[in-house]
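Q: Okay, here's what each chain looks like letter by letter:
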Amino acid sequence: MVLPIDLLEVSINREVSLLLKDGRLLKGKLLGFDQYMNLVLDEAREEKEDSERRIGKVVVRGSNVVSISLM
Amino acid sequence: MVLPIDLLEVSINREVSLLLKDGRLLKGKLLGFDQYMNLVLDEAREEKEDSERRIGKVVVRGSNVVSISLM
Amino acid sequence: MVLPIDLLEVSINREVSLLLKDGRLLKGKLLGFDQYMNLVLDEAREEKEDSERRIGKVVVRGSNVVSISLM
Amino acid sequence: MVLPIDLLEVSINREVSLLLKDGRLLKGKLLGFDQYMNLVLDEAREEKEDSERRIGKVVVRGSNVVSISLM
Amino acid sequence: MVLPIDLLEVSINREVSLLLKDGRLLKGKLLGFDQYMNLVLDEAREEKEDSERRIGKVVVRGSNVVSISLM
Amino acid sequence: MVLPIDLLEVSINREVSLLLKDGRLLKGKLLGFDQYMNLVLDEAREEKEDSERRIGKVVVRGSNVVSISLM
Amino acid sequence: MVLPIDLLEVSINREVSLLLKDGRLLKGKLLGFDQYMNLVLDEAREEKEDSERRIGKVVVRGSNVVSISLM
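Chains as they are written, first to last, in the numbering used here: chain A, 228 to 298; chain B, 228 to 298; chain C, 228 to 298; chain D, 228 to 298; chain E, 228 to 298; chain F, 228 to 298; chain G, 228 to 298.
Hints were generated in silico from the structure; no laboratory data involved.
Remember, it's a predicted structure, so these values are computed and weren't measured experimentally.
Treat each hint with caution, since some may be false.
[What the hints assert, rightly or not] Here are some chain F residues the structure puts well away from chain G; computed CB gaps all over 10 Å:
(1) ASP233
(2) ASN240
(3) LYS256
(4) ASP261
(5) ARG272
(6) LYS275
(7) GLU276
(8) SER278
(9) ARG280
(10) GLY283
[Stated by the list, open to error] If you want a taste of the chain A side facing chain B, the calculated C-beta under 8 Å gives, among others:
(11) VAL229
(12) PRO231
(13) LEU234
(14) ILE239
(15) LEU247
(16) LEU252
(17) GLN262
(18) MET264
(19) VAL292
(20) SER296
(21) LEU297
[As the list claims (entries may be wrong)] Partner residues aside, some chain D positions facing chain E, computed with beta carbon under 8 Å:
(22) MET228
(23) LEU230
(24) LEU235
Beta carbons: idealized from backbone N, C-alpha and C, even for Gly.
Throw the hints in and build the complete structure from the sequences for me.
A: See below:
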């Protein structure tokens, strides 16, 4: 079995895509996470219809995250 | 009695369909889960009206899941 | 006093009707449940205005359930 | 002081009216409850504008309940 | 310092006004409360624009309460 | 480091402004708080576009509070 | 691995940008935080389309925060 935490661990220092509860899509390099699935992204950017907003280093609270996918 | 965790265990490596709170429908092969019902899907895709979006490997947070059905 | 868990136990292997938070109505045979009121239904189907969608075996997360009634 | 649990206990086998978070109004005989205020009603019915829907025996999850009043 | 529980205790047997999350306003005599701020009101009534609905004895779940004010 | 609880403690008996989840703005003198950030305000009033509603002594549940600022 | 708490610690006394669940954007100097990610900002201001509102010292409850980014 692949535990959720296992997939997060192999994703460290790789590009991930976060879908948030409010529909926002964040991409960036996963630097770390804790037991609440709070996540740290580097070089994060929010992707919109036809543009992107650069955010840089960011902590995203796990309670707002729907899914985390490896890119 | 069939516990929820029993049905998840027999679903490992099989195709499942997740209904999310925001109405999204995700399908993919269940690779694993934890005690919060956070789930790992492989070859995940989001099914829409008349198309599908390929997502690949993904962690879905249990708090956003309404139901998990065996396909 | 009839505890909620008592009514669930006598409902095992019987038809139940679940009302979900998003207004959906699921019917099926109750196979089991856990302490969070996560439920397992067999031969589940979602009833809509004038049709029904067959779902089969499904785990429904308790946090999305409003009520469980015996049919 | 009258604790919430005290009022529920004297309400056993009496008619109560439940207001749910989604605005629904359920009436029925209170058969029991647990520490999460999950409730069991017998002869439950949902009251609407000018009709009522008979539900029978039902478990209502406490997290969806706004108030419980003695009728 | 006046703890929230201190103000509730001096409010026992006095008229209070509850603002609920769904915007409803309930008034009544506070009979008691528990550690989750579930409350018991006597002679409760819901105040609306230009009328009031009499509810009688009621348990209000704390998770639906925004504020409790002394009248 | 200034802990959230430190700022609340120095705010006792001073005017604070509470932003609630439903957008309401409450002002008043902070009398106390507990570990859930339930708060007690004295001489509370709700500020609206061009008027204010006097509320008096009030317990505000922490789960409805977005932010607490010193005035 | 960079834990979320690590990034918050290096952000102390630096400018951060908070995205709240209701879409509000708060900026200010991070003075501190606790284990629930309740945050203390100094010289906080809310940024809107084409203006900003000065808030001063503020406690922001972690449960309302979507993300915290270093500026």
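Q: Decide, hint by hint, whether the structure agrees.
A: Now for the hints, and whether the structure bears them out:
| no. | hint | verdict |
| --- | --- | --- |
| 1 | ASP233 | violated (7 Å) |
| 2 | ASN240 | holds (16 Å) |
| 3 | LYS256 | holds (16 Å) |
| 4 | ASP261 | holds (14 Å) |
| 5 | ARG272 | holds (18 Å) |
| 6 | LYS275 | holds (16 Å) |
| 7 | GLU276 | holds (15 Å) |
| 8 | SER278 | holds (20 Å) |
| 9 | ARG280 | holds (21 Å) |
| 10 | GLY283 | holds (23 Å) |
| 11 | VAL229 | holds (4 Å) |
| 12 | PRO231 | holds (4 Å) |
| 13 | LEU234 | holds (5 Å) |
| 14 | ILE239 | violated (13 Å) |
| 15 | LEU247 | violated (10 Å) |
| 16 | LEU252 | violated (11 Å) |
| 17 | GLN262 | violated (10 Å) |
| 18 | MET264 | holds (6 Å) |
| 19 | VAL292 | holds (6 Å) |
| 20 | SER296 | holds (4 Å) |
| 21 | LEU297 | holds (5 Å) |
| 22 | MET228 | holds (4 Å) |
| 23 | LEU230 | holds (5 Å) |
| 24 | LEU235 | holds (6 Å) |
Hint violations for this structure: numbers 1, 14, 15, 16 and 17, all remaining hints satisfied.
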